[in-house]
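Protein sequence lines, in the order shown, are assigned to chains P and G. Just so we're aligned, residue 1 is where the first sequence starts under this note's numbering, counting upward by one. Just so we're aligned, residue 1001 is where the second sequence starts under this note's numbering, counting upward by one.
Note that these hints are calculated values from the structure, not bench results. Every clue listed holds true.
Away from chain P, derived, C-beta distances all over 12 Å, residues of chain G: (1) 1006; (2) 1007; (3) 1030; (4) 1062; (5) 1113; (6) 1117; (7) 1140; (8) 1187; (9) 1195; (10) 1211; (11) 1216; (12) 1228; (13) 1240; (14) 1244.
In silico DSS-like links for lysine-lysine, alpha-carbon gap of 25 Å or less: (15) G:1225 x G:1181; (16) P:166 x P:252; (17) P:251 x P:166; (18) P:166 x G:1059; (19) P:252 x G:1059; (20) P:251 x G:1059; (21) G:1238 x G:1225.
Every residue, glycine too, gets a C-beta built ideally from N, C-alpha and C.
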Amino acid sequence: MTTHVLRDTGVLTGRSLRHILRSADTIITTAVTPIALMLLFVYVLGGAIHTGSGEAYVTYMLPGILLITIASGIAYTAYRLFLDMQGGIVDRFQSMPIARSSVLWAHVLTSLAANLVSVAIVTVTALLMGFRTGASLAAWLAVAGTLILFTLALTWLAVIAGLSAKSVDGASAFSYPLIFLPFISSAFVPTSTMPGPVATFAENQPVTSIVNTIRALFTQQPVGSTIWIALAWLVGLLVVAYAIAITTYRKKVS
Amino acid sequence: MNTPREPAIRVTGITKSFGEVHVLRGVDLDVAAGSIFALLGSNGAGKTTLVRILSTLLKPDAGTATVHGFDVTSSPHEVRGSISLTGQFAAVDEVLTGRENLVLVAKLRHLKDPGAIADGMLARFALTDAGNRRAATYSGGMRRRLDIAMSLIGNPPVIFLDEPTTGLDPQARIEVWQTVKGLAQGGTTVLLTTQYLDEAEQLADRIAILHEGVIIQSGTLAELKRLLPSATVEYVEKQPSLEDVFLALVGNTTETTDDGDRTAPAGREPR
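Could you put the whole structure together from the sequences, leaning on the hints where they help?
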């Protein structure tokens, strides 16, 4: 049974990766909006923004842009899962002697792969726009690990949305607030420039600790306790979202 | 058709409600191995619910059901290994090609050489030329054939077909009928649901009528016909049906019968 889980998940992941390869536009659209935002903030608004840090503004804002990339990418995960549930193909899979959880895991792994490609496209664009880092290999791995954790946490949220949505629009609409969240954080301007209550919200919401962690890793600053706050948010969100997603799925397929 | 083996499907006292709606109110039926069994009923009669219970997609509220000797509630994995479900809407992956769809199922059934199995199925269902096209480009009939081909991979002994011909044009319907007949000749047990009386008449060894959640009558076609008052003889000019006209005009290449009139195959039904 355990070997089946891995094998079946592998086969089904291959299937949904094919879906993505055949609609590469989903990866491109995922990357286009963050790139447009990056151009807007660096070349239009950036001149008036004073971050108080020494590095180029593109370097300052890249962590937030990467989170926006992932937040918009997982909308497609919810969308693809929703279409599968609607189309009857999941019924076919569930009536076959396969490990049932592999249907969900295939979508999760595909989401991870697709989002990492989008993140890579955005990062390369940032490099062209002057993003520079002296981060060590270890720091890069830490950034990658944080982004992977962020993707997984949001993907399981997307699974809940994809399973419980009543319409295609509903399946992807949940991602809008997630895309918006980085704007009320330290992603684009220092939180100290915001009025009191907004600053308090910004400083205590998860995006700020994640952004600050990645920024510190890129600029070779000590991450301090921020990384632990970020990890606590990410792992907490991941565990809760996973538990709800699995429960929703069990109810759905009995 | 009557073999001494125990029934391939045995349903006893199955009930299922969704909230206040009592969809199945105690269904009993036996399906002999290697036979074609038609579950006839109007929309909302509970046919799909029963098929979903038998294919382990839903749990019954009460009652027992065994498929190929396995209990659907206590041994769902073994049941899934013995069955194949073709749902009401063709469950093919439209983004994949026909061949990739077949390979996918063969891999999920953990069979050796999925590619060869896929090619064999494409040939058997006259889809070889379309094999490398995406399923989204297929006509309704081709999609249904692909759907059924996917269901047959691994030769499951019991097959559920939920309204296999709903939404198909007359030619595609006849193609599906021929496939189903071929299956039963090969020893597969087929349980199909339909709302078309002629479909049950054409295909089934036994017919059960599901109405408001219970089987109100079941038997062979001849037995069911005996329930009606004896036939009266009337002389009526036989006009060709629109279906006859349609099939004659488009050239019915699928050859249901010798003379073009859709009579039942020999030995099935006295007409």
